[in-house]
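The whole structure should be built from the sequences, with the hints applied where relevant.
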Amino acid sequence: MSHLVSIDDVDMRYGGAEGTLAVSQLTMRVAKGEFAAVVGPSGCGKSTLMKLVTGLHIPQAGTVIVAGQHVTKPVSIVGMAFQNPTLLPWRTTLENILLPLEIVEKHRHRLRANKKEYVAKAEHLLELVGLKGFGSKFPWQLSGGMQQRANLCRALIHEPELLMLDEPFGALDAFTREELWCVIRDLHAAQGVTIVLVTHDLREAAFLADKIFVMSARPGRILREHLVPFARPRDLEIMYHTEFNDLVQQLHGEIAQARVVA
Amino acid sequence: MTIVTDNTKPASITRREPARINWVKAAPWLYTLGLFLAWELLVIALDMPVTILPAPSRIFEAVVQYWSPLLKNSLQTLFTTTLGFGLAVVGGLAIGLFIGWSKTIYAGLYPLMIGFNAIPKVAVVPILVIWFGIGTIPAVITAFLISFFPIVVNVATGLATIEPETEDVLRALGARKIDIMLKVGIPRSMPYFFGSLKIAITLAFVGSVLSETVASNYGLGNMMSSAQSQFNVPLVFAGLLALAIEGIAMYALMAWIEKRMTGWAHRSTMAN
Ligand SMILES: Nc1ncnc2c1ncn2[C@@H]1O[C@H](COP(=O)(O)OP(=O)(O)O)[C@@H](O)[C@H]1O
Ligand SMILES: [Mg+2]
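Chains as they are written, first to last, in our numbering: chain R, 1 to 262; chain G, 1001 to 1272.
Since the hints were made in silico from the structure, they are not lab data.
Errors might be hidden in some of the hints.
With a straight-line Cα cutoff of 20 Å, these simulated SDA-like cross-link-like pairs (lysine to any residue) come out [unchecked claim]:
#, chain 1, residue 1, chain 2, residue 2
1, R, K137, G, R1176
2, R, K73, G, P1164
3, R, K137, G, I1178
4, G, K1103, R, H57
5, G, K1183, R, A17
6, R, K73, G, G1263
7, G, K1183, R, R203
8, G, K1259, R, K73
9, G, K1183, R, T92
10, R, K106, G, K1183
11, G, K1183, R, S76
12, R, K116, R, T92
13, R, K115, G, K1183
14, R, K73, G, E1165
15, R, K137, G, M1261
16, R, K73, G, R1176
17, G, K1259, R, R91
18, R, K106, G, R1260
19, R, K106, G, I1178
20, G, K1183, R, L187
21, R, K106, G, K1177
22, G, K1259, R, Q141
23, R, K137, G, K1177
Covered, in the sense of this in silico footprint (three residues per stretch, anywhere, with C-beta under 8 Å from a C-beta of chain G), are these stretches of chain R [stated by the list, open to error]:
#, stretch
24, 97-107
25, 189-203
26, 239-249
Facing chain R, from chain G, some residues (calculated, C-beta under 7 Å) [what the hints assert, rightly or not]:
#, residue
27, E1040
28, E1167
29, V1169
30, I1178
Where a beta carbon is used, it is the ideal one built from N, C-alpha and C, also for glycine.
Here's what the structure looks like:
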C-alpha cells in the first residue's frame, strides 16, 4: 500500500524561537484509502498536526509529504471540517457547499459553465448525508447536527483525496453524534476517500478507524499505533462487544498515562 | 384526537376578547405628546419668560410664523448633512476595507484614526474656512469628518473578526487573500456597515449644524445663531425641533435600509 500522508521527524513551534513547541519528532504515515484516527490529551498538538498536513503551517524541522508532494503551501487535494461548522449565514446550504468550487483552481473556471453538473453533485452529497431537500435552507434554519452534515458535504464537494476532520462531532449530543458516525462510515465506504479524524472521543475512534494513533502530551509525538481489528461494514452494535470495550479501555489508559508523564 | 379537541377550547375563549390597542406601536407618539404636555405645564406653572424657555405652543406658533425660512434652512441642512454623510459612506467603506485588509495596516492606522477622531471638530472648522471659505463646503466636510469614523471602525471590525476556522478551510483550498475578502470578509462586514449608518447619520447632523453655526450664512445652524442674537428664542427652539425631526427621519431610513440589506444577520447568531 502506498502512503498518502507521510510525516517524518516533524517539529513545529509557534511564535518564534522562544515560542510553544507544539509537536516534536512527530512521525506518522497514513495509507491511501485508510481511515486514521488521532487521539491524545487536550493541547497535545492534534490540531497542529491537521494544519501541518493541509499546509496551513510549515514545520521548522522534518518533512510532510502528501500525495507524493513535499508540503510547502496549502494543498488543495484536502477537505477540512472543524467542530465549528463555519457555514456562511448569508448563503443557502447549497451555496455554502459549492463555496470550495469557487476557490479551488481546478474548478473555479469551470463552475459557471458547468453549474448544473456541480449542483447535481452537491445534491447527491446532501442525499448521502441525509439532508435531501435542505439545500435551499439557510444554515441558521438547520440544527447543529444538520449543519455539521452540510459541513461534511462542503469538505467533500471538490472530491478531495484526503479528508481532515478536527473533532467534528464534539459539540453534538450523543444520539446525533452516533448518527453522524454512521454517515462518515458510509461516506468513507462509498467515496474511497482517505480520512484523518482528530478526536478526544475514544469510542468514536475505535468505531470508525482502521488505525488509531495515540499522541503524547505537548510537545506531541506518536506514542503508539493501534490497528483496529473489527471487520467492515461495522454496526453501532459492535460498541457492546468486549473486544471493543477492551480497546477503548486500553486507549484510555495510555492517554491517562501520557497526561501524568507530562 | 382527544388532545386536539382539548386544545380548541382555550383558543375559542381567547378569540372572544375585543381587539386591543397596540400600545407598543402607539408608545412613541404618546410619550412625545406627554413630553410636550409636561413641558407646557411646567412653563405655565413656573411662569417662565419666553426668552428663557418658551412653551411648546409658543414654539409651534413660531413654526407657523417662520415656516418659509425654516423650510429653506432645513432643506439646506438636510442637503449638507446628506452630502457629507454620503461621502462618509463611500470614504468610510473604502478606508474600513483598507484597514481591515491586513493586521499591519490595522495596527498602523488605528491609533492615527483614534487620534483624529478625538480632535474636536469645532477646532477644525476654522481651518476649513481658511481653505474653502464659509458656507456649504465646510459644512459638508465637517459632516463627513465627524461621521466617517464609526463606519470605518465597524467595517474594519467585521473584516478583522472572521472566524479563524473559516479562513483555515478556505486557505487550505488554496484561497488567496482577495478570495477570502470577497467571499467572506466583505459580506460579513455588511451588517456592521449598515449598523454603523444609524450612528453616522446622527453624527453628520452634529457636524453640519456645528459648521453652519460657526461659519455659514445658510442652514439651521446659522438660522438658530442669528435668531439667538435677536433674542428670538421660540425660533431657536423651532430650529431644534426641525433638526430633531430630520434626525429621526434619517435614522429611521437607515434602520430600514439596515433591516432590508442584512436580514440574515438578524436571524443567525453571527459569532463576533
Ligand atoms: N496559533 C498558535 N499560536 C501559538 N500557540 C499555539 C497556536 N496554536 C496552537 N498553539 C499551542 O500549541 C499547542 C497545541 O495546540 P493544538 O494543536 O491546538 O492542540 P490540540 O488540538 O491537541 O488541543 C497548545 O499548547 C497551544 O496553546
Ligand atoms: Mg484542537
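Outcome of the hint check:
1. R:K137 with G:R1176: Distance of about 28 Å is beyond 20 Å: violated.
2. R:K73 with G:P1164: Between K73 of chain R and P1164 of chain G the Cα gap is close to 18 Å, so the pair holds against 20 Å.
3. R:K137 with G:I1178: Since the Cα atoms of K137 of chain R and I1178 of chain G sit roughly 27 Å apart, the hinted pair is violated (cutoff 20 Å).
4. G:K1103 with R:H57: holds, 18 Å
5. G:K1183 with R:A17: Answer violated: K1183 of chain G to A17 of chain R is near 35 Å, above 20 Å.
6. R:K73 with G:G1263: violated, 37 Å
7. G:K1183 with R:R203: Given that 20 Å is the threshold and the Cα spacing comes to 37 Å, the pair is violated.
8. G:K1259 with R:K73: violated, 41 Å
9. G:K1183 with R:T92: Distance of about 14 Å is within 20 Å: holds.
10. R:K106 with G:K1183: holds, 18 Å
11. G:K1183 with R:S76: Between K1183 of chain G and S76 of chain R the Cα gap is close to 17 Å, so the pair holds against 20 Å.
12. R:K116 with R:T92: holds, 16 Å
13. R:K115 with G:K1183: Holds, at roughly 18 Å.
14. R:K73 with G:E1165: holds, 17 Å
15. R:K137 with G:M1261: holds, 18 Å
16. R:K73 with G:R1176: holds, 12 Å
17. G:K1259 with R:R91: holds, 17 Å
18. R:K106 with G:R1260: violated, 36 Å
19. R:K106 with G:I1178: holds, 18 Å
20. G:K1183 with R:L187: violated, 28 Å
21. R:K106 with G:K1177: Distance ~18 Å between K106 of chain R and K1177 of chain G Cα, so the pair holds.
22. G:K1259 with R:Q141: OK: K1259 of chain G and Q141 of chain R at ~19 Å, within 20 Å.
23. R:K137 with G:K1177: Not satisfied, since the Cα-Cα distance of roughly 28 Å exceeds 20 Å.
24. 97-107: holds (count 6)
25. 189-203: violated (count 0)
26. 239-249: Not satisfied, violated; 0 residues make the cut.
27. E1040: Interface hint status for E1040 of chain G: violated (49 Å vs cutoff 7 Å).
28. E1167: violated, 9 Å
29. V1169: holds, 5 Å
30. I1178: violated, 11 Å
Hint check: violations occur at hints 1, 3, 5, 6, 7, 8, 18, 20, 23, 25, 26, 27, 28 and 30; the rest are consistent with the structure.
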